[in-house]
Amino acid sequence: MASRLKIWGACRTLAVRPQPARLPTQPFRVQISPSRFYADDATNKSSKPAAGAKVETPGSATRSELGSAGVAQSNELAQKTPEKTASTSHIETLDDAALEQILYGGRPATSQREGGLTEAQEDALYREGVIPPPEEAEAVLAKAETAAESRSIFPVGSELQTTGHKFGLPKKPYPDGFNVKKRYHPVLEQITRLLMRHGELSVAQRNMAMVMNFLRTAPAPIYSPKFPLLPGTPPASHLPLNPVLYITIAIDSVAPLLKVRNIAGAGGGGRALELPVPLAVRQRRRMAFQWILDVINKKPSKGSGRTQFAHRIAEEIIAVVEGRSSVWEKRKLVHKLGTAARANVGSNKLKTKKKK
Amino acid sequence: MASAQALRTLARPVIPVAPRIQPIMRSLAAAFSTTSLLSAAPPAVKSRKDLPKKTKKTYKKKQNIVPVKKPGPGERKAFRKRIQLSNNSALPVSGIESLEAQTMAKAESSGKMFAVPDQVVDQLRALEAFKTTQTWNLFRKPHVLVRKETVELMGKLEASVEKKEALKVVLTGSRLSGKSLTLLQAQSYALLNEWVVINIPEGQDLTNGNTEFSPIPDTEPMQFAQPVYCLKLLQNIYKANKAVLEKTPLKKDWSRLTTNLKEGATLADLALSAKESEFAWPTLSALWTELTQPGQPPVLLTLDGLAHINKVSEYRDPSFNIVHAHELVLVRMFVDALSGKTKLPNGGAVIAATSQNNTHFHPSQELVLSQLEAGQAGREVPKPNAYERKYDDRVYDALKNSTVLRLEGVSKDEARVLMEYWGASGMLRSALDTRAVAEKWALGGHGIVGEMEKASLMTMRM
Chain A
1 MASRLKIWGA CRTLAVRPQP ARLPTQPFRV QISPSRFYAD DATNKSSKPA
51 AGAKVETPGS ATRSELGSAG VAQSNELAQK TPEKTASTSH IETLDDAALE
101 QILYGGRPAT SQREGGLTEA QEDALYREGV IPPPEEAEAV LAKAETAAES
151 RSIFPVGSEL QTTGHKFGLP KKPYPDGFNV KKRYHPVLEQ ITRLLMRHGE
201 LSVAQRNMAM VMNFLRTAPA PIYSPKFPLL PGTPPASHLP LNPVLYITIA
251 IDSVAPLLKV RNIAGAGGGG RALELPVPLA VRQRRRMAFQ WILDVINKKP
301 SKGSGRTQFA HRIAEEIIAV VEGRSSVWEK RKLVHKLGTA ARANVGSNKL
351 KTKKKK
Chain B
357 MASAQALRTL ARPVIPVAPR IQPIMRSLAA AFSTTSLLSA APPAVKSRKD
407 LPKKTKKTYK KKQNIVPVKK PGPGERKAFR KRIQLSNNSA LPVSGIESLE
457 AQTMAKAESS GKMFAVPDQV VDQLRALEAF KTTQTWNLFR KPHVLVRKET
507 VELMGKLEAS VEKKEALKVV LTGSRLSGKS LTLLQAQSYA LLNEWVVINI
557 PEGQDLTNGN TEFSPIPDTE PMQFAQPVYC LKLLQNIYKA NKAVLEKTPL
607 KKDWSRLTTN LKEGATLADL ALSAKESEFA WPTLSALWTE LTQPGQPPVL
657 LTLDGLAHIN KVSEYRDPSF NIVHAHELVL VRMFVDALSG KTKLPNGGAV
707 IAATSQNNTH FHPSQELVLS QLEAGQAGRE VPKPNAYERK YDDRVYDALK
757 NSTVLRLEGV SKDEARVLME YWGASGMLRS ALDTRAVAEK WALGGHGIVG
807 EMEKASLMTM RM
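Sequences listed follow chains A and B, in order.
Counting along the first sequence from 1, when you hit position 274 you're at 274 in our numbering, and nothing is skipped either side.
One rule links them: number in our numbering = place in the second sequence (from 1) + 356.
Honestly, the hints are just simulated from the structure, not real lab data.
Check each hint, because a few of them may be wrong.
[Unchecked claim] Straight-line C-alpha distance at most 20 Å; calculated PhoX-like pairs for lysine-lysine:
| # | chain 1 | residue 1 | chain 2 | residue 2 |
| --- | --- | --- | --- | --- |
| 1 | A | K299 | B | K426 |
| 2 | A | K226 | A | K330 |
| 3 | B | K405 | A | K298 |
When you get a sec, could you build the whole thing from the sequences and use the hints?
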């Protein structure tokens, strides 16, 4: 009797698992040991992720790209730490282009074409915040189109058909979030909602339309060599007649590449650990436009009437493109801070903090 | 000797001091007081209560006020009222003819765009014909679409000169349908044909009590002039019609008004003779009398915002009675011309445009306009409402002799021409096909031009 009881008791402790527990694999994320040894520098071991880490298309998956970019960045930043400790003045000389090289593998080469942007290039700018060379933009656009087609043929959720339903779920005609034709431009839509006050969207839309009309009537901006805009920016004469491009160029040019996140208590001695984090395109635009709005709200208006708010926005956008705006200083400040804090990226303290 | 001299000085009688400037004797006043005023000591400190109290300190953070240059008086309004007629960023549109004297009256120019010549633009600007709400600032140069109604109106203007009879028109139509722009086209037609153009840009300015007014002596019931407005109007008339006025001699003797009109003086001299606002109305009235003499150039008299000159004005007479707008002489001048009381023996036109945004309901005006319109179309003429008490016979009589021209949407062909112009200027970025035109035409309430502009130029969707 006693032996039988013992057997059941032993069985009870076993958990019932119908499937073997297995951690989901992350195909695009390469596991790299955060610890570094003195020998690593001497052997000049390549700490870059394997070739498989960057297989996804730039257009379709910005998120995953950022993830992989983050990993790559952590390695490269980690490699640069000794240099940083050797001379702090090096940070000062590290300009935006170098930072961009570190974070995103550099911006694509500036297009030397005299004319404006092709349609594919503009599309890429609105989607990704960079202006690729025309051929690359064409290729990406074609790929995105084929992907969209294939998506519409096989609607999402086809795997769910068999689970728990006798005859399966009816097919959805369109994938989730599908829209035949978006009413407004994606950049404008985001910005309009940012300048909305008291939830009055139509007022914000009217303001945005006024901003664009003001940009169309303003003379072409004079580019400042001190504050270079996005590489591949078309000549200034092309901007006034394409106000959406005008606004996008202004905002994407001043947008910060990263933000510094303070992780409480991870710095040791109760200090916060400053950790630079790369931003996605929408986040970057949001940050940039918030900065512009901050400037606008402090500016006095020159006239009276309801067009004043729109006028101030348009003037600030022109000021950004011409390099007169104080928003450029904010960008510089954030980038400097991010560069100074890059040593913290692969920190051990961070790891222990996360475990707790 | 010396002592004698000294004695003489002593003996000199003291000059008596005037009693008014006697020095105040402080010591005398103090003699009645028991306390020493001047040497009063501070109150003695006997307890903590007597200690000087601390003034409360405010620890509120001072907002850092950045010194900014505030706009000067009138600067904000000037910014708001600014009229910008060209946009250097917009593309110049080639292949568009310029307006000439007879262009708008010809049937074949219907449904085409025309450029307004630069000289006419300056004259129209002087007449204040351009409005801030119109989208002139988007395009390289002012262009106008000649539509069917325009050709009709210009044909009538042309006929009026031949018949030597005034054309009296009221422009009505729904909101943003182009009434003010048709007025502008009529003015440019008149300027190109060397008429004299007098424009009252807003009827509201005359009756809302914002400009000075003064009674005219010996009038019963009392009439009022608006001197400052009249002076400005005279100057605008001179600026816009300088060339015509300078070659037109005076027909009558105006020496009672001003002495420096020589033999063979022209209308321009008369217009310039009013230097001060007191003489503005007499001079304007003299100018108007001259223009209504036979043998002078034809006249175009226009006014925008008709409902405002038909109401009871905001002015009061000296005994604080209300003043009907028709008692204001400038309004009366217009109304007399519109009702046909003043004849224009050289031909010409009186055109009034109603406004749909800035207006009020005036039963008599509505009634007479609907009756005229029905009569013109051969429909049954609507009868006055027997229960309506606010009819105004003066308004009815003022308008009953005019004709009504109704403006509504443009046709699809005209809309297409207009949108092609927008596209050629670089303001419309989408592809322009029949579908796009039909879409905007429908969105614009079947071709209401202003609504079409809103739907395609002043939108986030491009």
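These are the hints, each one checked on the structure:
Distance hint between A/K299 and B/K426 is fulfilled; the C-alpha atoms sit about 11 Å from each other, no more than 20 Å. A C-alpha spacing of about 15 Å is found between A/K226 and A/K330, which places the hinted pair at or below 20 Å, so the restraint holds. For the hint pairing B/K405 with A/K298, the CA-to-CA distance comes to about 48 Å; that exceeds 20 Å, so the pair is violated.
Comparing the model with each earlier hint shows a violation of hint 3 alone; every other hint is respected.
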